[in-house]
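Student: What follows is each chain in one-letter form.
There are 2 protein chains.
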Amino acid sequence: MGLIGRYTFQLQPQDGDFTEQILASSLGDYILQAAGKNADDNGFGIRELHPDHHTWVLIRMATEMTEMPKIYQQITIETWIETIGRASTTRNFILRNEQNVPIGFATTNWAMIDLNTRKPIDLGAIPSLSHFISGNSIPIAPPAKLPSVEGNLISTRQTQYSDIDFNRHVNSMKYLQWVLNEYSVDWHAEHTIKRFDVNFLHEAFYGEEVSLYRKEDAGKDQFQINRQNKEVLCKVQLQWTKN
Amino acid sequence: MGLIGRYTFQLQPQDGDFTEQILASSLGDYILQAAGKNADDNGFGIRELHPDHHTWVLIRMATEMTEMPKIYQQITIETWIETIGRASTTRNFILRNEQNVPIGFATTNWAMIDLNTRKPIDLGAIPSLSHFISGNSIPIAPPAKLPSVEGNLISTRQTQYSDIDFNRHVNSMKYLQWVLNEYSVDWHAEHTIKRFDVNFLHEAFYGEEVSLYRKEDAGKDQFQINRQNKEVLCKVQLQWTKN
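Chains S and E, in that order, give the protein sequences. Quick note: the first sequence, position 205, residue 212 per the working numbering, numbers continuous. Quick note: the second sequence, position 196, residue 203 per the working numbering, numbers continuous.
It should be emphasised that the hints constitute simulated quantities derived from the structure, not laboratory data. Just so it is clear, the structure is predicted and the values come from calculations on it, not from any experiment. Be aware that one or more of the hints could be misleading.
Since the list can't tell identical chains apart, any single copy or any two copies may satisfy a pair.
Derived pair list, reagent style DSBU-like, types lysine-lysine, alpha-carbon separation capped at 35 Å [claimed, not checked]:
no., residue 1, residue 2
1, K77, K126
2, K201, K77
3, K227, K44
4, K152, K44
5, K227, K126
6, K201, K44
7, K237, K126
8, K44, K77
9, K227, K237
10, K152, K249
11, K152, K222
12, K201, K227
Chain S extracted, bound-state conformation (with noise of 0.2 Å):
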């Protein structure tokens, strides 16, 4: 049991979008699920702490690509704990292509709380977490805390069955899906995402309606999502560089 987890996915044609590249809210998709299975390698997972009724709750997330992989594909993702707070931990990720190549990091910021109260719990009343914290920093700037959005109301939508993950709320990864879709397929065919920087603030539930708020800046397209009475739910932000 090391302090690296390796975990190798192959990407499925549903992965991908009409260029066979993998959609970011996909590669997302297998970060997270490069990071569950670690922490469940490593007896921290969330199967582990339900009993407790305790979970890990992703609070932040960045991932920046030199490359984009495409459906078919296979890639590698390591994962491990670079730090511990007392509210929160930091979990990197490098990626890795078929011939072993990195082609993107990611960094993510964790909290863990009681599922009853919904509280945070402190990470440093865990002694055996500590075992696990590695030091080891990428080569990218930690996640962005985003500003508040101030720009135009673009679009609203109700939240569906299929935005519903096993943990009863709107899957994290969807926020990124409903933003992507912002931009039209010429947007995409020309440009792809060079990193994404997401705020997780509130939980979604099934049936609500949200609204998407978008504000150009500089290079840097800054999103929010708020519930209908205005609470913040996510933000986002993206890079793009142009093909």
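Assemble the complex: chain S is given as a structure, and chain E must be docked to it using the hints.
Tutor: Relative to the frame of chain S, chain E by itself:
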């Protein structure tokens, strides 16, 4: 190279709904992926056909399940060609769980078209295909030829970036996902899909406005998806069992 292809898939968390069971649309993705792999393995997959400007088009599909697999489980899909007519071919599937026990069957009808003219190719003019006819049937009814739905308009939507696949049209299984989203999570918590039939009539493209009609019919819910000018794109029939 046998007549029967056998493909094993590990179900991903993103394939599952809030009950951790696979969405019927994600199950359909794996069935179609097995079809594609077997066609590739036998030398008549899309990648072999594209240089001749030919491609396979799915016309009808039926899937009948006695057990819905869950995320993280493996499923094995066996597939083969039952018959080849002039206009279409029938491809069958057995789905097996991790204990190798059959949990369902699927059957599909495919035509081959010319990519330039979009007109059908006479399959009798491709004698090499006949080597792959097994004649083996499965114990479920063939895909239903579904009636027109004179039901209620229940929703409209514009096709989005994430709906479009590498064929540059709306992915077949998105229609099924849209239909599944017309049922509440409460419905999904209490019912499981026993059988779905889908008829594919025309392709939808990016940015089209599509309309969904519904009619309840004695245990067989009927849906029809039309494009703006009323042309029928797809018909879906769902049969549920109460849990």
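Student: State for each hint whether it applies.
Tutor: Structure-based check of all given hints:
no.: 1; hint: K77 x K126; verdict: between (40 Å within a copy, 30 Å between copies)
no.: 2; hint: K201 x K77; verdict: both (15 Å within a copy, 34 Å between copies)
no.: 3; hint: K227 x K44; verdict: within (32 Å within a copy, 40 Å between copies)
no.: 4; hint: K152 x K44; verdict: within (26 Å within a copy, 44 Å between copies)
no.: 5; hint: K227 x K126; verdict: within (33 Å within a copy, 45 Å between copies)
no.: 6; hint: K201 x K44; verdict: both (26 Å within a copy, 31 Å between copies)
no.: 7; hint: K237 x K126; verdict: within (22 Å within a copy, 51 Å between copies)
no.: 8; hint: K44 x K77; verdict: both (23 Å within a copy, 16 Å between copies)
no.: 9; hint: K227 x K237; verdict: within (23 Å within a copy, 40 Å between copies)
no.: 10; hint: K152 x K249; verdict: within (25 Å within a copy, 46 Å between copies)
no.: 11; hint: K152 x K222; verdict: within (16 Å within a copy, 48 Å between copies)
no.: 12; hint: K201 x K227; verdict: within (11 Å within a copy, 47 Å between copies)
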